[in-house]
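Protein sequence lines, in the order shown, are assigned to chains S and L.
Read in order, the letters of the first sequence are residues 1 to 111 in our numbering.
Read in order, the letters of the second sequence are residues 112 to 224 in our numbering.
You may find that some hints are simply not true.
Pairs of lysine to aspartate or glutamate, EDC-like flavour, derived with a Cα cap of 16 Å [as the list claims (entries may be wrong)]: (1) S:LYS98 with L:GLU190; (2) S:LYS98 with L:GLU170; (3) L:LYS182 with L:GLU163; (4) L:LYS125 with L:GLU190; (5) S:LYS98 with L:ASP137; (6) S:LYS51 with L:GLU170; (7) S:LYS51 with S:ASP71.
To be clear, the hints were calculated from the coordinates, so they are not data collected in a lab.
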Amino acid sequence: GQQLNQSPQSMFIQEGEDVSMNCTSSSIFNTWLWYKQEPGEGPVLLIALYKAGELTSNGRLTAQFGITRKDSFLNISASIPSDVGIYFCAGFSGGYNKLIFGAGTRLAVHP
Amino acid sequence: NAGVTQTPKFQVLKTGQSMTLQCAQDMNHNSMYWYRQDPGMGLRLIYYSASEGTTDKGEVPNGYNVSRLNKREFSLRLESAAPSQTSVYFCASTSGANYNEQFFGPGTRLTVL
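Chain S with its partners taken away, still in its complex shape (with noise of 0.2 Å):
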């Protein structure tokens, strides 16, 4: 089936350091979306992208929709702590409403 692959699988970084994580597939998508996770939490969407080459902010978060259609880069810009979670990538290639989720990034920040 289809996969996506997310980098990296864990950070560990200081406030107010910059973050990027990505997502890489082998299948073309038309929607890329970008979830954080907190403890004991449900996921929560942070940016959605419909267009390759998109790119879209959400305050300190940058996203962008890879011009091949198969990646996507999450940009976190000064980090805080309140950063801390997982931060999940998913795509969707048609059929019905049919999400594919990554493994995670786990960022960790240190005051």
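Given chain S, work out where chain L should sit, using these hints.
Chain L only, in chain S's frame:
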């Protein structure tokens, strides 16, 4: 708006026991989903309901059944629980406008002994 609610939050079962996980949404969404989340893996789709009255299998449906009771409620049933079903279960919903943007509930943490 409460969004997507799930009950119970935690559950421990013995092998062979049955139980139903409940999910409700108050956003008037058409489509609802059940996922499971296991350590080191992304969410995997168990079943989904594109609209009231319809249900379809996802990636990992074996051992589960679902019921779309009405537009608001979508339940997941384990008829005979197995240790392999120990997981965190998430319900999600989406409107017809943006099928891709799914809203998730807080999850049910299930342990099968």
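Each hint tested on the structure:
{"no.": "1", "hint": "S:LYS98 with L:GLU190", "in the structure": "violated, 25 Å"}
{"no.": "2", "hint": "S:LYS98 with L:GLU170", "in the structure": "holds, 9 Å"}
{"no.": "3", "hint": "L:LYS182 with L:GLU163", "in the structure": "holds, 5 Å"}
{"no.": "4", "hint": "L:LYS125 with L:GLU190", "in the structure": "holds, 12 Å"}
{"no.": "5", "hint": "S:LYS98 with L:ASP137", "in the structure": "violated, 22 Å"}
{"no.": "6", "hint": "S:LYS51 with L:GLU170", "in the structure": "violated, 26 Å"}
{"no.": "7", "hint": "S:LYS51 with S:ASP71", "in the structure": "holds, 12 Å"}
Violation of the numbered hints given earlier is confined to hints 1, 5 and 6; the remaining hints are satisfied by the structure.
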